[in-house]
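*Asks:* One letter stands for each residue in the lines below.
Number of protein chains: 2
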Amino acid sequence: LDYQHVQVPFEITLWIMLASLAKIGFHLYNKLPSVVPESCLLIFVGLIMGGIIYGLNDKSPPVMDSDIFFFYLLPPIVLDAGYFMPSRPFFENIGTILLYAVVGTIWNVFGIGFSLYGICQVKAFRLQDVSLLHNLLFGSLIAAVDPVAVLAVFEEIHVNEKLHILVFGESLLNDAVTVVLYKLFRSFCEMPAIKSVDVFAGVGKFFVVALGGVLVGLTFGMTAAFTTRFTKDIRVIEPLFVFLYSYLSYLTAEMFHLSGIMAIVACAMGMKRYVEANISLKSHTTIKYFMKMWSSVSETLIFIFLGVSTIGENHEWNWPYICFTVIFCLIWRALGVLVLTFFVNRFHVNTITSKDQFIIAYGGLRGAICFSLVFLLPDFHRKKLFIAATTVVILFTVFVQGMTIRPLVDLLAVKRKRESAPTVGEQIHIRFLDHLLAGIEDISGHWGQYYWKDKLEYFNSKYLQKILLREYDQPKSSIVLLYEKLERKHAIELAEAGQLARAPSHPSLLCSGFLCSNNDRTVITDKKLEDTLNLDVLENIQEILARNLYRIRRTGPAYNRHTLPGESEPVGHAKEILILRHKNL
Amino acid sequence: LDYQHVQVPFEITLWIMLASLAKIGFHLYNKLPSVVPESCLLIFVGLIMGGIIYGLNDKSPPVMDSDIFFFYLLPPIVLDAGYFMPSRPFFENIGTILLYAVVGTIWNVFGIGFSLYGICQVKAFRLQDVSLLHNLLFGSLIAAVDPVAVLAVFEEIHVNEKLHILVFGESLLNDAVTVVLYKLFRSFCEMPAIKSVDVFAGVGKFFVVALGGVLVGLTFGMTAAFTTRFTKDIRVIEPLFVFLYSYLSYLTAEMFHLSGIMAIVACAMGMKRYVEANISLKSHTTIKYFMKMWSSVSETLIFIFLGVSTIGENHEWNWPYICFTVIFCLIWRALGVLVLTFFVNRFHVNTITSKDQFIIAYGGLRGAICFSLVFLLPDFHRKKLFIAATTVVILFTVFVQGMTIRPLVDLLAVKRKRESAPTVGEQIHIRFLDHLLAGIEDISGHWGQYYWKDKLEYFNSKYLQKILLREYDQPKSSIVLLYEKLERKHAIELAEAGQLARAPSHPSLLCSGFLCSNNDRTVITDKKLEDTLNLDVLENIQEILARNLYRIRRTGPAYNRHTLPGESEPVGHAKEILILRHKNL
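These protein sequences, in sequence, are chains D and V. Residues 1 to 585 in the UniProt record's numbering are what the first sequence spells out, letter by letter. Residues 1 to 585 in the UniProt record's numbering are what the second sequence spells out, letter by letter.
Chain D on its own, in the form it takes in the complex:
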């Protein structure tokens, strides 16, 4: 037996195996995950594991290494988050998200830092040796909402898309603020005197860290897209480039002390569109699947390690400080959301309701990033107190807030996410409305989001696509892609079961969409439209319409005494469609 030799890979594999088996275990009992979020269960498993290790070895179990966390566990999750980020709601709400992420986080850092400093002045608590700077440093690491924890909880409660993107986008974009403030306060702690220049340098640094991260990410993203132009003959390594380039962007950003999270998100969002057009369908499935798998395993490992690391003798239990930390975290976040939302609502038509505000404030979960940052603190005599406070805040937010948020969402009847994919008709509608609004903005001279989006699209189709896409003269519109996807799904269903019975509810939606868009098209025939929806796309749409016209003709009256909706002779219907569709053989 030679365990020493294989120890490192063996133990890594065993940890991953434990994580995967734990996931399977939870899902075997359906009732458990519907009440308790998976993150809580995993931390619980970690606590038990930590207890066992502590009991057997009689010393503290190993804590999660910050390097392992930042280099190997965090990137897959952020990559997955960035790659599957719904870009439309994200960019529609980018102003609000940035306000929450930047101003909100700064507000929280200083709020928590100063009020904890106030608590430290109370003599009964014996905390007078904790300086204001240390409190602010602690505030900077505890203030930031954690993307991993937010994702784990919000993916299970299915709130509406806007609410989700507000909380989740904030948790991603606050990384730059956290990095800058954390490093600033840490260097202030080590400096003998602080000049006002340093403070201004800090403000300047924020822009460098944030914009530098985005720039690094976009550069690597474009390179990745460009590389996939040439993979036609070796499809099998296509998925690799997506992973390699995004990881490189993260590492490069970290190397230059920029925001790695913003880099990887920018990289993923930037390359997605072009990469997807270049690679094969199977590569695409592999990327999607593997990203999900990897981030899911990373997430599981993070929560288990959080549990394991909690056990042991790293903590100094000064309860007043810890309790007030939890309370201030809650209060300052609630206040911040209220104040910021007040300003946001003054400038928007779609206001954020008070229910939504409550969920945004309540969904500010803390997680493994705080935990890793607190361990990275330089050694000083109150570090163990900070570790204890961070641990309690994380456990409180994940367990108490994480477990109660679902019942609260139900209770408040918060608007839920729509479950079905958009139909082709809806997509065409949205597209037309966008062009219309861009035209109105152009005429009225208002440079709003539609105007910029339109300009960006123009730049994209004029230059970027020609460089980055393999067949740049035939970029497929998202409408055509969606239609093809629905068609393919339908065809596979046909082949697998020989059944068409379940289909009718869907096509009717599709048809009505087509019908309307057909009418719209006759009205809106300006130059702008033809520019963006170029000839190929129009041809594609016309072809789709022609193939589906049969269905439109056949869409019966809205009300009929004798048949239920969608039941009008599906057999003959399906048969005739099939014949029509293959008549042009």
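Among the hints, erroneous ones may be present.
Said to hold, decoys possible - Which bits of chain D does chain V cover? Going by a derived footprint, with three or more residues having C-beta under 8 angstroms, they are:
1. 1-13
2. 18-27
3. 224-231
Calculated directly from the structure, the hints in this document are not laboratory data. Backbone N, C-alpha and C fix where the C-beta goes; we use that ideal spot for every residue, glycine too.
For chain D, the structure is supplied; the task is to place chain V on it using the hints.
*Replies:* Showing chain V alone in chain D's frame:
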């Protein structure tokens, strides 16, 4: 800039990136890979890289670490090889493969070892200090054919399946012999005196190492299959288990000094069938794709590192010893193949032709395993000579043999692999023949391979499937699966293009197969058949036949003056099939 901090992951990512970009680069120029095998090009890239590093640093570039090779680069390749191993030809030729792998390798080891010892006795070469044991040790590491090198070359030359499996199977299964002989001679070198007991212990150890490896692999494979029974609710981590369990089997085998390669091959071959039945189609695509991607990157890295490691000052250039090593490697392998094949051909109907024998002997490529083993040798004064000799043998086999084998295959007109997948008809035929032969073997009392296969199938369906499969009462026959696959492909083609024009050549094959099998079925209706092809499968087949009977009816006369074969009204044909198929809506 903080490079130190991100160095390890950054450099690993850059190496993988270099490997992937090199692969893309070769494929951009189509003519290059068709003349020079990719492995040669990659070694060449490695040589250049090594030269650059050597020139810049003025010291030897880092050699490939044996631990990295055995723990991280080799397993993905072997896993891929085992998972996609065509099990039928492998088990049909298992006797021959084992003979080549065990007796052949021992023959080579002793042949090369003793003859090199003979060369060492020539005074002019100044090699008298190399003992017999050291020569045998060297023989044990240089004798083994390398699976990575064999795969890289044989995947490009497309020889017939039997020839491929003979060379490739040998390269996989000789691992146990290599491990035992290498470790035996190495411990002999360190022992003061060798007793005859030790030699017998070596023989016993071979069985422990080989069978132990297989046992470990099968255990983990069955556990993996069992685990995938419970992944219905979390499809996304299904692919993970395949990778985790096979890697664990490899590490466990290495831990107990068993054959890791045999463990991972046994694990992959054992679990494949059950895992595939349990997991979803997308998980399956991901597994296939990722395995191919991973092994392809590993292989690329191995060849690049081989090139890099060649540059430097690790070598002692004693040309007589090196040249004779190359010559003896060639001679002893050729002799071994000739002698062993003589015996094999006496007991088989399907003999191995002399052309095939030549390719088997000539395809005995050496690769990275020898290279890693020679670096693992204990330090002694002639280690650098052995390193030099190993490097030259590897480069000679990969460059000279690897580059000439394709022209030789063309020149000798060696039988090639058939390119098309078997049709449903062929599959049914093969199945019926197997049952027939198993029945004949049973009646005649001969316990041949069909008898054992039949017994194994019985055991499988009676016990294993019930434990390992999620829906054990409906295990799909490979015929049904193939049909579904063809159907699905067809449906996607229909959906994507609305074309049926290219189909006719295929269905006719399918039909004739069905027609024959239909006739066969009326003749062979013994009990045995119904046992193995259980009711569900029969029902499935009947359904398929019923759905396709239209085509059979329509198969025109073999010769017709006015139409070309397969051109008889494809439009109406296709249309009617579609109607027929969906009539039962």
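*Asks:* State for each hint whether it applies.
*Replies:* Against the structure, the hints:
no.	hint	result
1	1-13	holds (count 8)
2	18-27	holds (count 5)
3	224-231	holds (count 3)
In summary, the structure agrees with every hint in the numbered list given earlier.
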